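Enquirer: These are the residues of each chain, in order.
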Amino acid sequence: MDLKGLSGGQYKPLSDDGITTIHKAAITILEKTGMTFESGLDDTLTMLESAGAWVDRTQGRIRFPGKLIEEQVKKAPNRVILYSRDGKNNLDLTENRVYLGTGGAAIKVLDLETGKPRATTLHDIYQIGRLVDRLNHIHFYLRPCIPTDISESDYDINMFYACLNATTKHVMSGVNNEAGLHQIVDLASMIAGDKSLLQKRPFISIITSFAISPLKLCTQSTRIMQEANRLKIPVALSAAPMSGSTSPMTMAGTLAQLHAEQLAGICICQLTQAGAPILYGGIPGMANLKTMGYLGGAVECGMMNAAIHQLAHHIGVPNYNSSGLTDSKVPDAQAGWEKAMTTLLTAMGGSNYVHHAAGMLESMLAVAYEQYVIDDEIIGMCCKVLDGIKVDPDHLALDVIDSIGPGGNFMTSEHTMKYMRKEYFPGNGVSDSRSRDKWEKDGGLDARERARKLAKRILSEAPTSHISEEMDRSIRNRFKILLKTA
Amino acid sequence: MNTFQPIIDALLDLDKQRVITLVRDALNNQVSAKDILNQGLIAGMDVVGERMEKEDMFIPEVLQAAQIMGAAVEILKPLLGEDSASANGRVVIGTVKGDLHDIGKNLVSMMIKSAGLEVHDLGVDISPERFVEAIKSKDAKILCMSALLTTTMPMMKRTIDALTESGMRNTVKVMVGGAPVTQNFAREIGADAYAPDAGSAAKAAKAMVQP
Ligand code: B12
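As you go down the protein sequences, you meet chains A and B in turn.
Just so you know, we're using the numbering used here here: the first sequence kicks off at 1 and counts up by one.
Just so you know, we're using the numbering used here here: the second sequence kicks off at 1001 and counts up by one.
No wet-lab data here; the hints were simulated from the structure.
It cannot be assumed that every hint is accurate.
[Stated by the list, open to error] Estimated spans, in silico, between C-beta atoms of each pair:
hint: 1; chain 1: A; residue 1: A333; chain 2: B; residue 2: P1154; range: 45 to 55 angstroms
hint: 2; chain 1: A; residue 1: R457; chain 2: B; residue 2: E1055; range: 38 to 48 angstroms
hint: 3; chain 1: A; residue 1: W54; chain 2: B; residue 2: G1070; range: 53 to 63 angstroms
hint: 4; chain 1: B; residue 1: Q1067; chain 2: A; residue 2: K195; range: 48 to 58 angstroms
hint: 5; chain 1: B; residue 1: Q1067; chain 2: A; residue 2: D16; range: 50 to 60 angstroms
hint: 6; chain 1: B; residue 1: T1003; chain 2: A; residue 2: N177; range: 57 to 67 angstroms
hint: 7; chain 1: B; residue 1: Q1067; chain 2: A; residue 2: K484; range: 24 to 34 angstroms
hint: 8; chain 1: A; residue 1: M249; chain 2: B; residue 2: Q1210; range: 35 to 45 angstroms
hint: 9; chain 1: A; residue 1: A274; chain 2: B; residue 2: G1190; range: 16 to 26 angstroms
hint: 10; chain 1: B; residue 1: K1138; chain 2: A; residue 2: N176; range: 45 to 55 angstroms
Only a predicted model underlies this, so the values are computations on that prediction, with no experimental measurement involved.
For every residue, glycine included, the Cβ atom is placed at its ideal position computed from N, Cα and C.
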């Protein structure tokens, strides 16, 4: 069952009035309060100043005239297509079309054998990628964890290589610096044939946390973002405030501040390269006010992330956001309800590119193999909801009802045969609906154990390299590739 | 009843006016500023710290308690003599180079301050050289480093190395923390202490300076 790119938008946490009020509030924030910056952004400041922004270098403030913002935001494309390499999982990001996938930069993974947390490795990025390649409802592969077993200077190229080897789905990740960005663009260009082919059908894209909430530009990430604009590689403008610590306690206040941060970021991108493909990247989160830790599983995160799509849609830019985070440490019932709630709300909101939707645990700090299997099921179900209930003569089945008649049954009807594989969500096998007897005979496994079995089964198959042998040799000749496959 | 209990209670009620009035009354009654600080305000913040650890209190309330304590300390300061807090030990704290996460570090900094130590918070993205410089110029006895990224954790080791090179390693205690940091890691890089949260960080810092 193909359930990607379906239309959301059924859930609208903000009224039309609410949307325009927040948009205006964000412009007020940018005109009056402005953004601050760290040292090292001189060129960006000069660029903004000559475009009409008010820059106060001694106070460290950039104030943006509303007119400048509105002008620049108009230049951002309202449709960005992120490609897969086999063409089967292209992500056509526009309107209310919904795609969901992995995310994060976790540092712990629950080991598939022991079930216990351990440090994440480069091999985990590859193995999780193989799993994702086979899970149909996970639509893209965003580097899920950090390769803590290799040196930092080798991160960028090796993370992308491991992802691209493992799956043909679209690959996204952050990079450490501009040099890393150039390296991975070179790598992807080799695979594409050349750079212009990559720019035409970008099967990789970049995330930059350009803003440190509240309202501060991060030098390194802003520079990476601008360089990606110049290279015409799609970039997600990540900003992730937590209500109560790095944004106001209230949802409306958090959304207004975050929208302001996004507008400023988009303005910088479009001044850098008019028409640059970008994703509005608001990730509203919440602080646990008893520890100030990150609360990912809160139902309000689902509500606010749905609102993010409305705000992005209002300015005509596709969005990137989050769902499926949980504060649970293991794939348990809490993880289940937190993920299902936030993913359903975010999908029904019409969010275009929802990351973190698969695999995450422990408030963003951990991932688990079996969780990808469980989340594939949750995402599939959420997308099924978007598919809605079709009402046409054939689906109404009046003739069938009449021919079967009162007191009959529908088990052997042609109509049942025709729709039994289409009308209902089939699942990937992790949901158990058998009798207690059969379930007990099979070991009485709970969802986590069943998911582990499925994950192990997929990973025990012979791996397919999605980079040809010849290409692999050229890549390994040119770059320091550390992944050992097969 | 402990003579200082009313101050402690007022602090726990987050009643700034009452704390200030009680502190002034105590001073008028010839109670020593040092006792008001140690047995009243700091004792009150110890309770706040415990409640924070048990998650019985919201952090914004903890922060408010710390602010109230700060305001009361301002009244006591002229009477405390030069180095009341610094006698307890000066602390230099910061997030290591390359790392911009500061929410956890700020909490730790605030709780150590509330425990009665003099804290110099250098901010984020602090190089080993800057840490060493600050320790020298402030004559600090404790160095606290925060790191939230696996990529910046090695900076903690480098800062400790720089401290050793400067010849000050033996006179300075080093405490580290941050989500990816563990007790084991702290031991490996030769730090003296690790704490998983702000409450225990303050306790550990206090223990380090206790004679
Ligand atoms: C908020 C946050 C941000 C905010 C930071 C805002 C700010 N002003 O600090 C923003 C959005 C800016 C951000 C940016 C980035 N982040 Co970040 N971030 C987080 C997040 C969600 C929460 C951190 C936090 O504030 N926690 C709340 C505080 C209260 O807890 P804490 O910091 O752990 O502190 C407590 C204890 O650890 C301890 N403690 C802390 N310091 C010290 C010091 C001492 C001496 C002691 C004793 C104790 C102690 O006490 C504290 C209080 O109890 C974490 C995930 C997580 N759940 O931890 C990711 C996380 C740390 N970030 C991550 C990443 C990848 C990034 C970016 C690289 C993103 C990117 N792709 O560009 C950038 C890096 C920027 C940089 N150069 O530093 C990864 C780290 C992966 C890794 N390599 O290790 C994490 C784990 C998220 C993830 N899985 O994706 N981030």
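Enquirer: Hint by hint, note whether the structure agrees.
Expert: Tested hints:
no.	hint	verdict
1	A:A333 / B:P1154: 45 to 55 angstroms	violated (38 angstroms)
2	A:R457 / B:E1055: 38 to 48 angstroms	holds (41 angstroms)
3	A:W54 / B:G1070: 53 to 63 angstroms	violated (35 angstroms)
4	B:Q1067 / A:K195: 48 to 58 angstroms	holds (55 angstroms)
5	B:Q1067 / A:D16: 50 to 60 angstroms	violated (41 angstroms)
6	B:T1003 / A:N177: 57 to 67 angstroms	holds (59 angstroms)
7	B:Q1067 / A:K484: 24 to 34 angstroms	violated (55 angstroms)
8	A:M249 / B:Q1210: 35 to 45 angstroms	holds (38 angstroms)
9	A:A274 / B:G1190: 16 to 26 angstroms	violated (53 angstroms)
10	B:K1138 / A:N176: 45 to 55 angstroms	violated (32 angstroms)
Comparing the model with each numbered hint stated earlier shows that hints 1, 3, 5, 7, 9 and 10 do not hold.
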